[in-house]
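Quick note, the sequences are listed as chains A and B, same order.
In terms of my numbering, the first sequence is residues 2 to 229.
In terms of my numbering, the second sequence is residues 188 to 649.
Where hints are given, some of them may not hold.
As the list claims (entries may be wrong) - To give an idea of the interface, some chain A residues facing chain B are shown, with a C-beta separation under 8 Å as derived from the structure:
{"id": "1", "residue": "Asp113"}
{"id": "2", "residue": "His115"}
{"id": "3", "residue": "Val118"}
{"id": "4", "residue": "Ile126"}
{"id": "5", "residue": "Ala130"}
{"id": "6", "residue": "Asp131"}
{"id": "7", "residue": "Val157"}
{"id": "8", "residue": "Arg158"}
{"id": "9", "residue": "Leu159"}
{"id": "10", "residue": "Ser160"}
{"id": "11", "residue": "Cys217"}
{"id": "12", "residue": "Gln218"}
{"id": "13", "residue": "Ser223"}
If you are wondering where the hints come from, they were derived from the structure by calculation, not from laboratory data.
Small disclaimer: the values here were computed from a predicted structure and weren't measured.
Glycine included, each C-beta is placed from N, C-alpha and C at the ideal position.
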Amino acid sequence: MPRAHSPGSRALGICRPGRVSYLEALALQRKLVEQRRSGAIDDVLLLLEHPHVITLGVRGDGGRSHILAGTDALASRGVEVHETGRGGDVTYHGPGQIVGYPILDLKPDRCDVHRYVRDLEDVLIRTAADFGIGAQRVPGLTGVWVGREKLAAIGVRLSRWITSHGFALNVSTDLDYFNLIVPCGIADRGVTSVERLLGRPVPTVAVEDRIVSHFCQVFDRSAVELSA
Amino acid sequence: MATDVVMPQMGESIAEGTIVRWIKKVGDQVDRDEPLFEISTDKVDAEIPSPVAGVVSEIRVKEGETVPINSVVAVIGGAVQAAGGVQPGAPAAAPPGPSQQADGAPARAVTPEDGARSAPPPRSAEPPASPASSPRPAAVVERAETIESAIRQRSSPLVRRIAKEHNVDISQLRGTGIAGRVTKNDILGYLDGQEGQEGRVGQAGQVGQVGQVGQEGRVGQVGQVGQVAPGGIGSDTVEKMSPMRKRIAEHMVLSRRTSAHVHSVFEVNFTRVAQVRDARKAEFERAGTKLTYLSFIARAAIDALHAVPVVNASVDGDSIIYHREVNIGIAVALDWGLIVPVIKHADEKNLLGLSRSIADVANRARTKQLKPDDVQGGTFTITNPGVFGALFGMPIINQPQVAILGVGNVEKRPVVIDDAIAIRQMAYLTLGYDHRIIDGAVADQFMSIVKRALENWEPNAG
Chain A
2 MPRAHSPGSR ALGICRPGRV SYLEALALQR KLVEQRRSGA IDDVLLLLEH PHVITLGVRG
62 DGGRSHILAG TDALASRGVE VHETGRGGDV TYHGPGQIVG YPILDLKPDR CDVHRYVRDL
122 EDVLIRTAAD FGIGAQRVPG LTGVWVGREK LAAIGVRLSR WITSHGFALN VSTDLDYFNL
182 IVPCGIADRG VTSVERLLGR PVPTVAVEDR IVSHFCQVFD RSAVELSA
Chain B
188 MATDVVMPQM GESIAEGTIV RWIKKVGDQV DRDEPLFEIS TDKVDAEIPS PVAGVVSEIR
248 VKEGETVPIN SVVAVIGGAV QAAGGVQPGA PAAAPPGPSQ QADGAPARAV TPEDGARSAP
308 PPRSAEPPAS PASSPRPAAV VERAETIESA IRQRSSPLVR RIAKEHNVDI SQLRGTGIAG
368 RVTKNDILGY LDGQEGQEGR VGQAGQVGQV GQVGQEGRVG QVGQVGQVAP GGIGSDTVEK
428 MSPMRKRIAE HMVLSRRTSA HVHSVFEVNF TRVAQVRDAR KAEFERAGTK LTYLSFIARA
488 AIDALHAVPV VNASVDGDSI IYHREVNIGI AVALDWGLIV PVIKHADEKN LLGLSRSIAD
548 VANRARTKQL KPDDVQGGTF TITNPGVFGA LFGMPIINQP QVAILGVGNV EKRPVVIDDA
608 IAIRQMAYLT LGYDHRIIDG AVADQFMSIV KRALENWEPN AG
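Required output: the full structure, derived from the provided sequences and hints.
Okay, structure coming up:
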C-alpha cells in the first residue's frame with residue numbers, strides 16, 4: 002500500500018472557517034502570510050466559501066472589461082466586486098464553490114512558480130478523479146478543465162515565496178453567475194461544476210476531504226485539522 | 188556602491204517576467220528584503236524584495252514591460268544618486284512599511300494612502316451591492332482575528348502531533364514561542380528530559396509495530412514479550428499502552444476467544460496479473476491512481492464472496508447472518524499502530540474504483556482523516572503482510588467477521604510447469620476463517636475461486 006508521505010513531512014494546518022466574505026479572507030490571508038514569514042505559524046490551507054463576489058486580478062485592467070453585467074445588475078443579484086492582489090483575470094466566487102487559500106512557505110525546495118501552479122492543478126485533477134471526473138490541464142490556460150469547460154480556477158500570489166490566494170473549485174456553484182463575467186478573460190470556453198458533470202449533488206465536505214488528502218500527498222505535508 | 192537588481196528566475200521553465208508594479212520609486216529608500224517590485228507570470232504574481240538596503244537610483248524597466256530573466260531592472264545606490272526623476276523631498280517621505288505594502292493594496296489601486304495602512308482591505312471597485320451585506324471594517328478585522336487566533340493558538344500542528352503521539356498535555360508545558368506558544372524545540376526538549384525511557388520505549392514500540400503492521404496475528408508475539416517481564420525487571424522500561432494499542436490488544440484476544448481459527452494457504456501464480464498490471468499501469472496513472480496487486484486481489488476476493496456467501500457472514504448466537512453488502516476492510520499499517528478502514532459496497536467498484544478507494548483509505552488512515560464510519564461495517568478483511576516481506580501470514584479474524592485474507596510477498600520463484608522449471612511471479616494467499624460456520628472444503632472452494640480469477644485475469648476486466 003502506498004505511503005501518504007514520509008513521516009518527517011511538514012505539518013499543514015487545515016482550517017475550514019465556513020463562509021467568509023472576500024474582504025475578511027483577504028485580511029486574514031495578509032496576516033497569515035506575515036505570520037508564516039515570521040515563523041509564528043506553520044503552513045496553513047484555508048478551505049472556505051465566499052458569498053457572491055466578482056474579483057479582479059492585477060494584470061492590465063484587472064479584467065474589468067470582462068465584467069459583462071452593469072453595476073445595477075450586479076447589485077440586484079447581491080454580487081460585490083473587489084480588486085485583489087492575485088495573478089489572473091476576473092473571476093466569480095460564490096456558494097457551492099470550494100475556495101482554497103494555501104499559505105505555504107515554498108522555501109527551501111519548492112521555489113518554482115510554475116511547479117507550484119502545476120502542483121495545485123495536480124491536486125484538483127486527482128480530486129476530480131476521485132469522483133470519476135476526468136479533468137485535465139490545457140496548455141497555456143491555467144486551471145483545471147473538463148473538455149472545454151473550466152472546473153477550477155487558479156490565481157496565485159507569492160510574497161517572498163510565501164503563497165496566498167489559490168484555487169476555486171466549482172462543486173455545486175450556480176453557474177449562471179458566471180454569465181456576469183468572461184471567466185479569466187477567456188471568451189470561448191465555458192465553466193462547469195462537479196454537480197453538473199455527475200448529474201447529482203456531492204457534499205462539499207467530501208470534496209474538501211479529498212482535496213486535503215491529495216494536497217498532502219502532492220506537497221508532502223501532514224494534515225492537522227484546526228478548528229476555527 | 189551601486190547594486191544591480193535583476194529580473195529573478197522564479198522557476199525552471201521561466202525565461203522572462205513582466206513588471207506589474209514598482210512599489211518603490213526612484214529616490215525611495217529601501218531596506219534589504221523590503222518589497223521593491225511585483226512581477227507577473229501567467230496566473231502567478233510575485234513580490235520581489237530588494238537584495239540590498241539603499242536608495243533606488245535607477246529604474247530601467249517600466250511597469251507592463253516584459254524582460255528576460257537576469258536583465259537589470261533597477262539599480263540601488265548606497266546614497267541618493269543624481270539619476271533622472273529624483274525628487275528632493277521623496278526620500279524624506281517615509282515609505283509605507285513593508286507589512287502594508289507587502290501584500291497590501293491591489294496593484295490597480297491608486298497610491299496607498301495612510302488610511303489603507305490601518306484598514307488593509309482594498310476598496311471595492313463598485314459600490315457594494317447592498318450596504319447590509321457589506322461587512323463593516325471592524326467586523327471584518329474581528330472575524331479575521333478570531334480565525335487567525337485559532338490558527339495561531341493551535342498553530343503548530345507538528346507540535347500537537349508530537350504531543351499526541353507521546354501522550355503529552357501541551358497545556359502543561361512552558362512555551363518559549365510567540366505569546367507563550369509551545370514550539371517544536373520546547374516539546375522535544377521536554378521529551379528529551381525523559382530520554383532514558385523514551386529511547387527504549389521507541390524500540391519496543393517498533394517491534395510491536397512490525398508485528399501489528401504486517402499482520403494482526405503477530406500481536407500475540409508482542410504479548411509474549413510482555414510475559415517475559417510482566418512488571419518490569421530492573422532496568423526494564425514500563426510503558427502505558429496507547430489507547431489504540433489497547434484497543435488492538437483487546438480486539439485480537441477477543442477474536443482468538445470467539446472464533447475457531449483455521450488457516451488455509453494457497454499458492455497463486457501472479458504472472459498474468461503482473462502483465463496486466465504493467466500494461467495498464469499508465470492508464471491508471473493518467474486516471475490519478477496506482478494499480479497495485481492488492482486491487483486485483485480485492486477484486487478477485489469480492490467475486491469469490493459472492494460465490495461463497497458464508498465467507499461474507501457473521502455469527503449471532505446460533506444464527507448465521509449473511510451480509511447483503513460486501514464491505515472490504517483493508518488493514519493499514521501506521522507508524523503508531525494499525526487500523527482497518529472499510530471500503531463500503533466494494534462489490535460495486537471496478538478495478539479503478541477499488542484502486543482509488545484503497546489508496547484513499549490508506550492515505551486517510553495515515554493522515555488521521557478517517558471518520559468513525561470509515562472503520563465500521565466491514566464484512567471481510569484483507570491484510571497484506573507481504574509488503575513487509577512475509578512469505579505468508581496467519582491473520583486473526585477481524586470480529587464480527589468470519590474470514591480474513593492474508594497476502595504474502597509477490598516475488599519471482601522457480602515453479603514446475605509441464606515438467607519444466609520456470610520462473611514465475613508467485614505469492615501465497617492465506618485465508619483465516621472461523622470453523623464454527625466455515626468448513627475446510629468451503630474455505631478452499633473460496634480460495635480456489637480467488638486463485639483461478641488471479642491466474643486467468645482477463646486483460647481488460649474491470
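For each hint, the structure was consulted:
| no. | hint | result |
| --- | --- | --- |
| 1 | Asp113 | holds (4 Å) |
| 2 | His115 | holds (4 Å) |
| 3 | Val118 | holds (6 Å) |
| 4 | Ile126 | holds (6 Å) |
| 5 | Ala130 | holds (4 Å) |
| 6 | Asp131 | holds (6 Å) |
| 7 | Val157 | holds (5 Å) |
| 8 | Arg158 | holds (5 Å) |
| 9 | Leu159 | holds (4 Å) |
| 10 | Ser160 | holds (5 Å) |
| 11 | Cys217 | holds (6 Å) |
| 12 | Gln218 | holds (6 Å) |
| 13 | Ser223 | holds (6 Å) |
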